[in-house]
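Chemist: Here the protein sequences line up with chains A and B, keeping their order.
When the first sequence is numbered by our numbering, its final residue is 1299 and no position is left out of the sequence of numbers.
When the second sequence is numbered by our numbering, its final residue is 1299 and no position is left out of the sequence of numbers.
Just so you know, these hints were derived from the structure itself, not from any lab.
Just so you know, not all the hints are guaranteed correct.
Identical chains share a label here; the pair holds if one copy fits it or two copies do between them.
Here are the simulated DSSO-like pairs of lysine-lysine, each with C-alpha atoms no more than 27 Å apart in a straight line [what the hints assert, rightly or not]:
id, residue 1, residue 2
1, K1100, K1143
2, K1143, K1175
3, K1143, K1219
4, K1166, K1143
5, K1063, K1212
6, K1265, K1143
7, K977, K1207
Here is what each chain is made of, one letter per residue.
There are 2 protein chains.
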Amino acid sequence: MIKVTAGIDIGGTGTQFGLVDPDGQVLTEGKVDTRGTHSFEEFIDKIAAFLRQHLVENPGLELTGIGVGAPSGNYYTGTITDAPNLPWKGTLDVVQLLNDRFHVPVVLSNDANATAMGEKVFGAAKDIKDFVMITLGTGLGSGIVSSQQLVIGSQSMAAEFGHVMVRDKGGRLCNCGRRGCLETYVSATGIKRTLTSLLAKHPCASALRSVSFDDLTSKDIAHAARSGDVLAKKAFQKTGRVLGKNLANLVAIMNPEAIFLFGGLAQAGDLIFNPTRRALEENLLDMYKGKVQVLPSALGSQGAAILGAASLAHQQKDYLHYELS
Amino acid sequence: MIKVTAGIDIGGTGTQFGLVDPDGQVLTEGKVDTRGTHSFEEFIDKIAAFLRQHLVENPGLELTGIGVGAPSGNYYTGTITDAPNLPWKGTLDVVQLLNDRFHVPVVLSNDANATAMGEKVFGAAKDIKDFVMITLGTGLGSGIVSSQQLVIGSQSMAAEFGHVMVRDKGGRLCNCGRRGCLETYVSATGIKRTLTSLLAKHPCASALRSVSFDDLTSKDIAHAARSGDVLAKKAFQKTGRVLGKNLANLVAIMNPEAIFLFGGLAQAGDLIFNPTRRALEENLLDMYKGKVQVLPSALGSQGAAILGAASLAHQQKDYLHYELS
């Protein structure tokens, strides 16, 4: 028997799921439109049917646990309540519904925590007991692992590093209603805002002057920077500088061995890693200098969401709050 | 038999130690001048002799562990290396030397971590699994407990919250060589600097104009504030505002249930707690609002150092790196 875990990544538009073997191979995977079913139970049934079919067709596989990554996923209650970007309101009993169907331990957490655990269980953080995962997408998500364990927090709401305020006064308006949050500077949206403000400030030519804010992507900015566009390069430098300086503060709190960058903006490689590493080193307290690596995630983009979710089922046994079966 | 633990708090000038019962009663305590012995081994022998005598005289006591709080105490190696404010240079084998003498588990950590664990084991954090301890002395120390465990970090150097940089650019020079560290604003020294800058800025009368910077204490500022001194009151408000705003950032990272304030400046009571709580609530992300208590430590100042050190011996067994006996 090969012991496998299931990973389910619930996103605002699409949901991915699959079965993962102990080496991190995704044995099967499926997708479902998050907005395509009427009730949440129906949605779970669709996923369960898919997973069950594969398990029935492959009697050599034994399901030992299920991990679910979802926006606002509460680790302690095993529920999602009024997630702003999911179609179902009220309280969704994710863990209970899946446990009823499979009778294995089910662990729920948010997507950034899932990515952090994915790196720990299947990626480049296997031998690292203290690290931070920064996911650079539309916003900035983070997952923190301290002494091998996810930092969950009292309300299951820790590691909102994107909402650390990085300006003395004012700063950019954030969707959270406050000003100066890190993710307004450091994220795919953040770098668009930076580039746009550079276009306004400087008169020099830029290929990006012909692209609207709505059409602009961080990929476009990376492409322009690689073609020598001065403002695009400057946007990356500024973004990395803000990230690096604030990571120096996070290092003073968590003293991690490594910081992983994941997501669209991290794909820009040296463009983002170099200024981030430089600003981090410049701002670190002496005792941390040269001791913190800034690394790309080893999960890749393919299958990362499923691996991350599945890895949650590998959290240490005594740390699980849900072993209902 | 009553199981007791020993707590040893090594300070720059004085060292306190004692035996503590499971209810947090200090059964006996002693003091030794940290600078009064030639070698570190001699120093340890003095402490060991004191503890041993009490154990011999009280055969009903069974020593089950020793905790040591010390500046730069390394949790993993059990050693102190080149601590700037201790008289002995090189590597001091604290854990090994004590284990050789008593054959019980010995745990070493820094003093701020010891205070945090003291609150957990013997104080007001017994039922709190996620909290932060802020010690306001000459500098700002911190200890962080996440899911019942101390956040130690990869080099045993986590929770240096006093060295989070809180200014966009510049800021006050810190002893660490950088600028804008939180402790240059929030600590006994920080509030002295704030009061002094207020004396320079405002022409109004203040009882504190007759006191030199060297003679000024945070107690003087508290006393003046309670007597209605406008600048002294303003100094506390500013200090609380900087602390509260930056605690809001720490909450976004750790999501603690409570934040404890300890040390000289915390003794000022409402003068520091009120502006801190107000600024914290104003700056918190919505989902944390009303969920984080800011509380005085329940350890008191008497015996707190010994209780804190002793509590380190109560860290969960599987978390101990030193069980040499």
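Chemist: Are the hints correct? Go through all of them and say.
Modeler: Verification of the hints:
no.	hint	verdict
1	K1100 - K1143	neither (40 Å within a copy, 37 Å between copies)
2	K1143 - K1175	both (21 Å within a copy, 21 Å between copies)
3	K1143 - K1219	both (17 Å within a copy, 11 Å between copies)
4	K1166 - K1143	both (22 Å within a copy, 23 Å between copies)
5	K1063 - K1212	neither (39 Å within a copy, 42 Å between copies)
6	K1265 - K1143	between (32 Å within a copy, 24 Å between copies)
7	K977 - K1207	neither (47 Å within a copy, 64 Å between copies)
Hints 1, 5, 7 from the list above are not met by this structure, while the remaining hints are.
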